[in-house]
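With the working numbering, the residue at position 11 of the sequence shown is 11, and numbering never jumps.
One or more of the hints may lead you astray.
Claimed, not checked - Only pairs whose alpha carbons sit at most 20 Å apart, straight line, appear in this in silico DMTMM-like list of lysine to aspartate or glutamate:
{"id": "1", "residue 1": "K221", "residue 2": "D297"}
{"id": "2", "residue 1": "K284", "residue 2": "D322"}
{"id": "3", "residue 1": "K2", "residue 2": "E27"}
{"id": "4", "residue 1": "K285", "residue 2": "D209"}
{"id": "5", "residue 1": "K284", "residue 2": "D215"}
{"id": "6", "residue 1": "K128", "residue 2": "E82"}
{"id": "7", "residue 1": "K67", "residue 2": "D51"}
{"id": "8", "residue 1": "K19", "residue 2": "D304"}
{"id": "9", "residue 1": "K284", "residue 2": "D325"}
{"id": "10", "residue 1": "K126", "residue 2": "E82"}
{"id": "11", "residue 1": "K165", "residue 2": "D304"}
{"id": "12", "residue 1": "K128", "residue 2": "E168"}
{"id": "13", "residue 1": "K285", "residue 2": "D325"}
{"id": "14", "residue 1": "K3", "residue 2": "D51"}
{"id": "15", "residue 1": "K221", "residue 2": "E279"}
{"id": "16", "residue 1": "K126", "residue 2": "D86"}
{"id": "17", "residue 1": "K213", "residue 2": "E288"}
{"id": "18", "residue 1": "K165", "residue 2": "D151"}
{"id": "19", "residue 1": "K67", "residue 2": "D39"}
{"id": "20", "residue 1": "K310", "residue 2": "D151"}
{"id": "21", "residue 1": "K62", "residue 2": "D48"}
{"id": "22", "residue 1": "K67", "residue 2": "D109"}
Honestly, the hints are just simulated from the structure, not real lab data.
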Amino acid sequence: MKKVLVTGSAGFIGFHLTKALLRLGFEIVGIDNVNSYYDPQLKIHRLDNIDKFVLNRSIQNKYRFIKLDISDGEALSNLFQEYNFDIVINLAAQAGVRYSLENPKAYVDSNLVGFSNILECCRHSKIKHLLFASSSSVYGMNNKQPFSVTDNTDYPISLYAATKKSNELLAHSYSHLFNIPCTGLRFFTVYGPYGRPDMAYYSFTRAIDTGKKIDVFNHGKMKRDFTYIDDIVEGIVRVISLIPISKANDTTNAKAPFRVLNIGNNNPVTLRRFITAIENSLGKKAIENLIPMQAGDVPITYADINPLSKLCGFQPSTSIEDGIDMFVDWYRNS
1 MKKVLVTGSA
11 GFIGFHLTKA
21 LLRLGFEIVG
31 IDNVNSYYDP
41 QLKIHRLDNI
51 DKFVLNRSIQ
61 NKYRFIKLDI
71 SDGEALSNLF
81 QEYNFDIVIN
91 LAAQAGVRYS
101 LENPKAYVDS
111 NLVGFSNILE
121 CCRHSKIKHL
131 LFASSSSVYG
141 MNNKQPFSVT
151 DNTDYPISLY
161 AATKKSNELL
171 AHSYSHLFNI
181 PCTGLRFFTV
191 YGPYGRPDMA
201 YYSFTRAIDT
211 GKKIDVFNHG
221 KMKRDFTYID
231 DIVEGIVRVI
241 SLIPISKAND
251 TTNAKAPFRV
261 LNIGNNNPVT
271 LRRFITAIEN
281 SLGKKAIENL
291 IPMQAGDVPI
301 TYADINPLSK
311 LCGFQPSTSI
321 EDGIDMFVDW
331 YRNS
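Can you build the whole structure from these sequences, using the hints too?
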């Protein structure tokens with residue numbers, strides 16, 4: 001199983017995953033719409049980095065990038081017909097909790113229409129394994145910690161979370177009806193070099209570095225299961241070849257080759273510790289504006305990764321301090 005479609009390949013996770021898979025000898029087709037949710041120049045910079053990586057290793061025949069929006073069903077269908085993909089890794093999505101309050105249609109187009117197009121193409125293409133990005137946001141404000149894949153996720157508190165829960169439901173239906181092996185990956189607050197500028201670690205670093213004030217939500221008491229990008233990519237790579245088999249679970253007799261897994265650090269840290277790590281890496285103190293928690297935010301994310309660990313031995317190894325040091329080093333040299 002060597003030919004892989006990576007959607008959202010100009011995105012943060014997609015960029016790092018594409019390079020990792022190329023190192024392992026996979027043949028990659030990457031697609032992205034290169035939209036303007038944040039500065040497209042960063043996406044272009046990522047794509048240029050991949051091109052240089054491919055050129056330096058003389059593996060041009062292993063990689064191709066195509067600008068394409070997954071909400072364009074006809075273009076996506078043509079792509080699947082042209083390439084005989086073994087594996088599809090869907091990372092394309094409209095991201096961001098707060099932005100979903102401003103532009104809900106973007107989430108419907110990409111996360112719902114786009115994902116349904118992916119499922120339809122997989123249905124007609126005999127895909128051996130579909131992996132797709134879900135999110136820790138599906139857990140909403142669940143009281144039980146850590147969040148487990150067996151927990152109830154019927155109460156998302158943001159449109160973004162609702163679309164990710166919908167992806168899981170749609171994927172299970174297609175998996176059951178058409179025997180498509182599917183793995184949903186619930187990511188927990190991913191960070192690292194080449195990350196999204198709208199994420200807190202990036203915007204905080206830029207603000208602290210330039211002496212600007214930062215908004216500290218919930219007075220710094222929120223906890224996040226920050227997961228370094230290299231750990232995330234390792235988890236995805238380990239799961240690719242572990243194709244789920246058709247079976248029922250504890251709550252339903254509907255058999256499907258389907259599973260959902262948490263990928264997190266299994267070690268939530270406070271926003272306060274997170275800010276301190278950035279201050280220490282930069283050698284500068286933050287100017288803080290303490291404000292209440294915002295609509296759509298949750299007080300804590302904490303991943304139970306036991307199912308993933310048992311499945312493939314996954315064990316994240318990057319502390320928040322080490323991860324922030326590596327991000328700040330990239331930030332200063334980018």
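>> If you test the structure against every hint from before, which numbers come out violated?
In response: Of the numbered hints given earlier, the structure breaks just one, which is hint 8.
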